[in-house]
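Q: Dock chain one against chain two, each of which comes alone in its own frame, and use the hints as you go.
Protein sequences, first through last, are from chains A and B. Per our numbering, the first sequence starts with residue 1, numbered consecutively. Per our numbering, the second sequence starts with residue 1, numbered consecutively.
Don't read these hints as lab results, they were simulated from the structure. Errors might be hidden in some of the hints.
Computed Cβ-Cβ distance ranges for the label pairs, DEER-style [said to hold, decoys possible]:
#1 B:G356 x A:T144: 37 to 47 Å
#2 A:L263 x B:A4: 29 to 39 Å
#3 A:R269 x B:T235: 44 to 54 Å
#4 A:T138 x B:H131: 43 to 53 Å
#5 B:V189 x A:L263: 25 to 35 Å
#6 B:T112 x A:G139: 35 to 45 Å
#7 A:L263 x B:S111: 28 to 38 Å
#8 B:S111 x A:E151: 55 to 65 Å
#9 B:I262 x A:Q251: 36 to 46 Å
#10 A:I150 x B:R254: 49 to 59 Å
#11 B:H131 x A:N103: 18 to 28 Å
#12 B:G374 x A:T128: 54 to 64 Å
#13 A:P19 x B:D133: 54 to 64 Å
Not everything, but these chain A residues come out facing chain B in the computed CB check (under 7 Å) [said to hold, decoys possible]:
#14 N11
#15 D63
#16 L65
#17 T77
#18 I79
#19 N103
#20 Y147
#21 N149
#22 F243
#23 A258
#24 A261
#25 V264
As the structure is a computational prediction, the values presented were derived from the model and not from experiment. A virtual CB, placed ideally from N, CA and C, is assigned to each residue, including glycine.
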Amino acid sequence: MSDSLNYFRQNRLPHIWCPGCGHGTVTGALTRALAKLGIDKNNVAVVSGIGCSSRAPGYLDFDTLHTAHGRALAFATGIKLSRPDLKVIVMTGDGDCTAIGGNHFIHAARRNIDITTIVMNNSIYGMTSGQYSPMTPTGLLGTTAPYGNIERPFDLTKLAIASGATYVGRSTSYHVQLLGELIEKALLNKGFSVVEAVVGCPTYFGRKNKLGGAVEMFEWQKDHAVNAKAAAVMAPEKLEGKFLIGELYNQAAPEFTAEYAALVDGVRRKYDNFQGGVRECAQNSD
Amino acid sequence: MPNAKLMQGNEACTLGALAAGLKFYAGYPITPSTEIAEMCAEELPKIGGKFIQMEDEIGSIAAIIGASLTGRKSMTATSGPGFSLMQELVGYSSITEVPIVIINVQRVGPSTGMPTSLAQGDVMQARWGTHGDHPVVVLAPGNVKECFELTVKAFNIAEEYRVPVIVLTDEVIGHMREKVVLPDQRQIVVSNRAAPSTPAGYLPYKADQDGGVPLMAPFGAGYRWHVTGLSHDETGFPTNKGEVAGNLITRLMRKVEKAEPIIRDYATEATDDCDVLVVAFGSSAMSATSAVRQARAKGVKAGLFRPKTIWPFPEEPLKEIASRAKRVIVPEMNLGQLVLEIERLVAGKAPVERLGKVNCELFRPEEILAAIMGGSK
Chain A
1 MSDSLNYFRQ NRLPHIWCPG CGHGTVTGAL TRALAKLGID KNNVAVVSGI
51 GCSSRAPGYL DFDTLHTAHG RALAFATGIK LSRPDLKVIV MTGDGDCTAI
101 GGNHFIHAAR RNIDITTIVM NNSIYGMTSG QYSPMTPTGL LGTTAPYGNI
151 ERPFDLTKLA IASGATYVGR STSYHVQLLG ELIEKALLNK GFSVVEAVVG
201 CPTYFGRKNK LGGAVEMFEW QKDHAVNAKA AAVMAPEKLE GKFLIGELYN
251 QAAPEFTAEY AALVDGVRRK YDNFQGGVRE CAQNSD
Chain B
1 MPNAKLMQGN EACTLGALAA GLKFYAGYPI TPSTEIAEMC AEELPKIGGK
51 FIQMEDEIGS IAAIIGASLT GRKSMTATSG PGFSLMQELV GYSSITEVPI
101 VIINVQRVGP STGMPTSLAQ GDVMQARWGT HGDHPVVVLA PGNVKECFEL
151 TVKAFNIAEE YRVPVIVLTD EVIGHMREKV VLPDQRQIVV SNRAAPSTPA
201 GYLPYKADQD GGVPLMAPFG AGYRWHVTGL SHDETGFPTN KGEVAGNLIT
251 RLMRKVEKAE PIIRDYATEA TDDCDVLVVA FGSSAMSATS AVRQARAKGV
301 KAGLFRPKTI WPFPEEPLKE IASRAKRVIV PEMNLGQLVL EIERLVAGKA
351 PVERLGKVNC ELFRPEEILA AIMGGSK
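Excised from the complex, chain B in its bound form (with noise of 0.2 Å):
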């Protein structure tokens, strides 16, 4: 196995993303994300590419928006208070369809509460933290080697989408060294984004109404194009009317929704015939699947959905397993976020128990165990 190596997730990220692509890295140092930085200042002159330190995160996305409108796959790595300084310009990527990665590597909150401790409490900000509506992507890494899988994947759909994906990774999850075989670069598939023919009759903002993905030019190739975080219509430039920007707003949300059956990514466990299901993701689905199978072991009919992509959640398939189901637990490191998607998804059709957790410890499987022998009695 020429490709195996031990490595740790923050590694795994780097690396795949140097497979789909990256050519432009800007970012903060911040702990528990700094080797990604730090991976990247090595490795990207050797490719040709562009490492810069930038004076604070939020000029960082806004130096990857830059490289990235030159025609350059770009990215940041940040965690919990460097991903809140992003927030506005996590917008202006939405709004000018201006393709990024943004590995957020979680950490305990709020402000700078305990940066090399475990937490999942980004879940929100991933999918709410900037104004307005705004299209967004979140992909959830459960381990190292998903780490390297989903980055090519998140970078994959930025440039198919031009929309901004955030891995959300956590503590556990970057530092944690597990081994992993990568895969040879020749298999691995890599996106890039539709660009236009010739400037003449470029409009940038032109696409199918109902989700259509505009074509992208890059800066210095001609086209002379305008660019705004202001509401604008298909040339680019600003505009005043309502109902242009609202067509705008709509046709940027129906992207990631159209998108969401091609893009979904969940892995389940025993969930054919399972009275109890258990939806976990990232760190908190290592000791789930733990705790499913020792279920199982003990006769209960316990089964795992692990979302790989938690925005937009991969719907259809969670509804139908959680169908069949007597009880949902929803065990995550944070008072209740993800639980707040499974509740609105599983409407009432079964109990939802939140398994919160805010210690800075990774779940003992017996802790989720218990929830599910809990309700079994």
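Chain A with its partners taken away, still in its complex shape (with noise of 0.2 Å):
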């Protein structure tokens, strides 16, 4: 525990979060994993967009960008791009990163560019008191959506798999030990890795639809999660309303960075006598 706890900016606590809220509980996974992998925390950048889950950052002790609204793998990409060394890790939440950011997200995901994304998904837009996500279910209520959501959710997962991410898990923040794991391999995963931590808005998500408290949002989660290993087996009806948590695909794929440094090792072999500056190259004369 204190290992982990070396990753917060203690001063800066208490966070912002509502009590019952799994922001909290996945920054916790986060710092754990780092501690359990002994990562030198000199060494990291945790990027944000904007949005409740975004806050987190502030409270970590590392090298952290809280960015505008979407844009936080946009940034994070140039960060990772500029610096491969550094373990870049993005902060996102549902609206954040599939609405606004959606574009981001695929074509980072696209890249394979090594970055770890964490998708706090609470199905709402908590910041701004409770409008309606690309995340939040059919038929359930938001602010905006005051009979009922008639759009269709984002399967993360699915979008991450589709777009090229090489590493894709889900958990929720009742089960906190296999989200923990999951943001480890999603650390050591050399590629764009996505971890969907579904977790409960009770504030505004839970409140509106009448789902209860902290505690009747976990029972929530405990109810409709169901491991991936477990789900394989099972009848499809019986999985109905469910969700499947677990890791979702690990699949090695060359890497944004990585390939680009090879190409920068390659050009920089034909033009080794290149001083920089202006251009001197024969295949550049006008």
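A: What follows is the structure, given as structure tokens:
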């Protein structure tokens, strides 16, 4: 425990999250995974967008970057390409990542850039007090879906896999042990990794949808999550209304910054007399 | 002349950026700026730099801010529609004081407009495109050589004052080819951001309240500092105190106000005794230069003031020259943007005449000459 506490800016605590919110649980799981891997905190950059979950980096003792809504992955791409030796982690939410940031998400996955993305999915825009998001289940309520959400939600893990992510998993703030294991494996994956953490938002999502308080929302997670391994041998009707947790995809592919480094090596070998500054290469004579 | 080359403005901007120490480029293809991205894609790997084509312009400016935070000099290039998309993060660069350079090769707008045609319609967007009071510096090259020089200058200003700097060129300057004699790299003055010497006690936004520039630590060097677009105090963490937020905005604005006499850059022609003062920038100034010379040949005392820093505007030099003029004419490829600043500075001491043009064709010198002669009848 003390190891993971070392990754917090303890003078920035207590955090702003509501009682029963899962974001603190996810942040704790991340720090424990980092501690278990013994990652040097001077070698980490944590990037977030805007929203409740995106406040997490402020509490963490790394170089931390709280950016604009939806843009965390684009900033993180700049950091990672510039400094491939840094461990770059993005902490984001369902709205930040899949609505306003959806384009950056699919392209970061497509490039398979070595960034670990932790998406805290509370199915609602909490910071702006309860509007429906692209991951609000159909039929449920938000302040902007007062008659029920008629849109269909993303399955973020399928989106990530289809877009090219090389490590994808899902857990919940109830299944904390599993969540930590998935984050640990995501951190070890050399490529774009996505861990979706299903979390409760008792204040807005829970209250609006009469789902009860924090305890009831944890119970909902427990009752509706099915481990992917168990699900593989279950009848389809038994999976109705459930969602899968566990490791959902893990397959290596060329990583973007490594490919770029190889490109640079090749180009520099070819132009090894090039001194920088103005163009001196025969290929570039006008 | 070993370094004499025929090159276009976009090429000169890229070479200027490389000479200033560019190490990271992120961009999205858009006419008429794309040659800059193409050249960066080719050149940066040769010097161990990085290039990435992002998924859009918002991602592009985000990526260069991220890269700049790691200590690499970073830039993007775009044109009107892409520049509009970048605006939110221009403000992010301003408030977080992360140095970036944006080359905006202007084209006809609004919206998609005419991608391959000339306009200078982004004068106000460059200054006020993002929301809130914010510091920004805008430089306007008047020829290909100045594309090189002012891009070097843009990086130096960005580094010294930790502000976003926009190089505002246009379709004609960007694509026009001229012979340019490049300076020797050793003669180019290059600035680098001031860095702290130790993480101990580092306060990332501590600065003299009257426009001071804080020391900037790179990410990944053990400083473990926090950057946010929220209003923040000198620790870098968000604040809800109105006074602290107000002090931050005031200091950010003062940075550029204080810098103006130092960074100001302009050219004049025949202004010592001019009755008719023409104020023009960018490609319009090329036509204006010719018009002023033709007017002089006809015996009319015309002069030209050509700002190269347009935001902040070189106020005192213009006021001093304009104080002797009987008329001021402002030709620009829009329906009246920079002229608003000229009217403010001349403050009624001489009539200021607008000469706006939006038919996508560069001013012919005769058009400006006619305006000069028109009032002299």
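Q: For each hint, tell me whether it holds in the structure or not.
A: Against the structure, the hints:
1. Checking the proposed 37 to 47 Å range against G356 of chain B and T144 of chain A shows it holds: the Cβ atoms sit about 43 Å from each other.
2. The supplied range of 29 to 39 Å is met by L263 of chain A and A4 of chain B, whose beta-carbon atoms lie about 32 Å from each other.
3. Between R269 of chain A and T235 of chain B the C-beta distance comes to about 46 Å, which sits within the given range of 44 to 54 Å.
4. The beta-carbon spacing between T138 of chain A and H131 of chain B, approximately 35 Å, falls outside the hinted interval of 43 to 53 Å.
5. The beta-carbon spacing between V189 of chain B and L263 of chain A, approximately 32 Å, falls within the hinted interval of 25 to 35 Å.
6. Distance hint for T112 of chain B and G139 of chain A: a CB-CB separation of about 40 Å, consistent with the stated range 35 to 45 Å.
7. Checking the proposed 28 to 38 Å range against L263 of chain A and S111 of chain B shows it holds: the Cβ atoms sit about 36 Å from each other.
8. Taking the beta carbon of each, S111 of chain B and E151 of chain A are about 29 Å apart, not inside 55 to 65 Å as hinted.
9. In this structure, I262 of chain B and Q251 of chain A break the distance hint of 36 to 46 Å, their C-beta atoms being roughly 56 Å apart.
10. For I150 of chain A and R254 of chain B, the hinted distance range of 49 to 59 Å is satisfied, since their beta carbons lie about 51 Å from each other.
11. For H131 of chain B paired with N103 of chain A, a C-beta distance near 22 Å keeps the hint of 18 to 28 Å intact.
12. For G374 of chain B paired with T128 of chain A, a C-beta distance near 57 Å keeps the hint of 54 to 64 Å intact.
13. At roughly 38 Å, the beta-carbon separation of P19 of chain A and D133 of chain B lies outside the given 54 to 64 Å, and the hint is violated.
14. A least Cβ separation of about 10 Å between N11 of chain A and chain B goes past the 7 Å threshold, and the interface hint is therefore violated.
15. Using the Cβ-Cβ criterion of 7 Å, the hint placing D63 of chain A at the interface with chain B is satisfied: the shortest such distance is roughly 4 Å.
16. Residue-level restraint check for L65 of chain A holds (minimum Cβ-Cβ distance to chain B is 5 Å; threshold 7 Å).
17. For T77 of chain A, the interface hint holds, the least distance from its beta-carbon to any beta-carbon of chain B being 5 Å, beneath 7 Å.
18. Given hint, I79 of chain A at the interface with chain B, holds; its Cβ is 4 Å from that chain's nearest Cβ, closer than 7 Å.
19. Against a cut-off of 7 Å between C-beta atoms, the interface hint on N103 of chain A holds, since the closest Cβ of chain B lies about 5 Å away.
20. Hint status for Y147 of chain A relative to chain B: violated, with the closest Cβ pair at about 32 Å, above 7 Å.
21. Because the smallest distance between the Cβ of N149 of chain A and any Cβ of chain B comes to about 27 Å, over 7 Å, the interface hint for this residue is violated.
22. Hint status for F243 of chain A: violated, given a least beta-carbon distance of 28 Å to chain B, over 7 Å.
23. Because the smallest distance between the Cβ of A258 of chain A and any Cβ of chain B comes to about 13 Å, over 7 Å, the interface hint for this residue is violated.
24. Taken as an interface hint, A261 of chain A does not check out: its beta carbon lies about 10 Å from the nearest beta carbon of chain B, beyond 7 Å.
25. At a threshold of 7 Å, the smallest CB-CB gap from V264 of chain A to chain B is about 5 Å, leaving the interface hint in force.
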